[in-house]
Amino acid sequence: SQQSGVRSQESAVRSQQSAVRSQNLSLSLRSPRSPSSLLAPRASSVLASVRSKLQFSLENLTRVPLEIDILREGKKRELLNLILQKVEEILTELRFSQVDSSQLSQMRSAIARDLWQAAITDFFGKYSTLQVGDRQIEFVNTLLQDAEIVQTAILDKIPLVVELFSYLLFKDSLLIDNISYTTDNPEVEERAEIILQNLLIQLANGVVQPLLNYFADVEVIKQNYYDKRLISTREIERFRNNLSWKYRLESNFIEPRKIFESRYEMFLLISRGIAKISIYAPRTQELARLSGIPLLVTLALEFRDAIAPRLRAVVEFFGNGVVYILTQVVGRAIGLIGRGILQGLGGSLQDSKNKKF
10 SQQSGVRSQE SAVRSQQSAV RSQNLSLSLR SPRSPSSLLA PRASSVLASV
60 RSKLQFSLEN LTRVPLEIDI LREGKKRELL NLILQKVEEI LTELRFSQVD
110 SSQLSQMRSA IARDLWQAAI TDFFGKYSTL QVGDRQIEFV NTLLQDAEIV
160 QTAILDKIPL VVELFSYLLF KDSLLIDNIS YTTDNPEVEE RAEIILQNLL
210 IQLANGVVQP LLNYFADVEV IKQNYYDKRL ISTREIERFR NNLSWKYRLE
260 SNFIEPRKIF ESRYEMFLLI SRGIAKISIY APRTQELARL SGIPLLVTLA
310 LEFRDAIAPR LRAVVEFFGN GVVYILTQVV GRAIGLIGRG ILQGLGGSLQ
360 DSKNKKF
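Okay, so the sequence shown: first residue is 10 according to the working numbering, each after it adds one.
In short, the hints are calculated from the structure, not lab data.
Keep in mind that the hints are not guaranteed to be accurate.
[What the hints assert, rightly or not] Under the rule of at most 16 Å between Cα atoms (straight-line distance), these lysine to aspartate or glutamate pairs were calculated in the EDC-like manner:
no., residue 1, residue 2
1, Lys285, Glu68
2, Lys231, Glu246
3, Lys231, Asp78
4, Lys180, Glu202
5, Lys62, Glu199
6, Lys166, Glu274
7, Lys84, Asp131
8, Lys62, Glu82
[Stated by the list, open to error] Ranges of calculated distance between the beta carbons of each label pair, as one might list FRET restraints:
no., residue 1, residue 2, range
9, Ile316, Glu228, 51 to 61 Å
10, Ser137, Gln232, 17 to 27 Å
11, Asp143, Thr242, 19 to 29 Å
12, Lys180, Glu270, 25 to 35 Å
13, Leu70, Tyr289, 17 to 27 Å
14, Lys285, Gln232, 28 to 38 Å
15, Arg257, Arg298, 14 to 24 Å
16, Gln115, Asp143, 39 to 49 Å
17, Ser58, Glu325, 44 to 54 Å
18, Asp314, Thr242, 39 to 49 Å
19, Pro195, Asn251, 36 to 46 Å
For glycine and all other residues, C-beta sits at the position ideal for the given N, C-alpha and C.
Generate the whole structure from the sequences, applying the supplied hints.
Next up, the structure:
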């Protein structure tokens, strides 16, 4: 009986260790909200500040179409608040698990995917199944099938996620314009808020993207989620085409330029709506991995930068020459001709007066 008790204890220990390992490898977000008091004051302050900004207008003030633009204002706010809640939960789990700062970069993709899956499940949870025509469809499960597509197109491209989580969890410094600032600097918290706001907006775009792929024109979805201005089939198709065109331009032309210019563009919340800001960040490794059209874009930019000053100097030289010729040579010649004409007129007038006398 003692051996049986020992074996049962060993089995319990092994199962506990297995549970810890599985938690470290793949974080699972639970529905109950983790208390923010469990987080460090720095993290709680950043989360609270961003939560207050979610009460602002959520109109897209940029010229970049976003997936969440199709949602009515209340649904946008609901989705962004939900994702912020999930971020808070995963920060709490990470803090009390055995994850350290060095492991975050390996877990980055899993963290982003877990946040995305949890947000989809909770945001669309009441439509676990959906009637489309004469078919009953597993709605949420269908959306989750696009995990790889969304991961590649959106989630993996969200910048500075590891740096943000390291700052919020482990008091790590944060790079601002390639300078490392400690957590005591007020600029650091402001930068962390911008990174977090961009994370929320991009995750929300990732939540809406599979909806547009599979159920864009389903009436019950349109009536419950969409902005009234984008509810017609024509407007929905135009909206989807704009998004498709955006991603083509982004991947082939816009993103290579941002990489070459060592900057990220981030979406942030201001009082009038969603705006965009560029921040400096080294992107040398990404630049080295470019190929095909994106690489040609950077080479074209480099060639333009090399040739433009010389071409401008040549144009300026010839321009100055033309100005000199027009003013000094042609201008003087015209002046002499004009003076000769005036003198001729004056002489003829004088002759006519002498004849009268």
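A quick look at each hint next to the structure:
no.	hint	in the structure
1	Lys285 to Glu68	holds (12 Å)
2	Lys231 to Glu246	holds (13 Å)
3	Lys231 to Asp78	holds (13 Å)
4	Lys180 to Glu202	holds (15 Å)
5	Lys62 to Glu199	holds (13 Å)
6	Lys166 to Glu274	holds (11 Å)
7	Lys84 to Asp131	holds (13 Å)
8	Lys62 to Glu82	holds (14 Å)
9	Ile316 to Glu228: 51 to 61 Å	holds (56 Å)
10	Ser137 to Gln232: 17 to 27 Å	holds (18 Å)
11	Asp143 to Thr242: 19 to 29 Å	holds (20 Å)
12	Lys180 to Glu270: 25 to 35 Å	holds (31 Å)
13	Leu70 to Tyr289: 17 to 27 Å	holds (22 Å)
14	Lys285 to Gln232: 28 to 38 Å	holds (31 Å)
15	Arg257 to Arg298: 14 to 24 Å	holds (19 Å)
16	Gln115 to Asp143: 39 to 49 Å	holds (46 Å)
17	Ser58 to Glu325: 44 to 54 Å	holds (50 Å)
18	Asp314 to Thr242: 39 to 49 Å	holds (46 Å)
19	Pro195 to Asn251: 36 to 46 Å	holds (38 Å)
Hint compliance for this structure: every hint is met.
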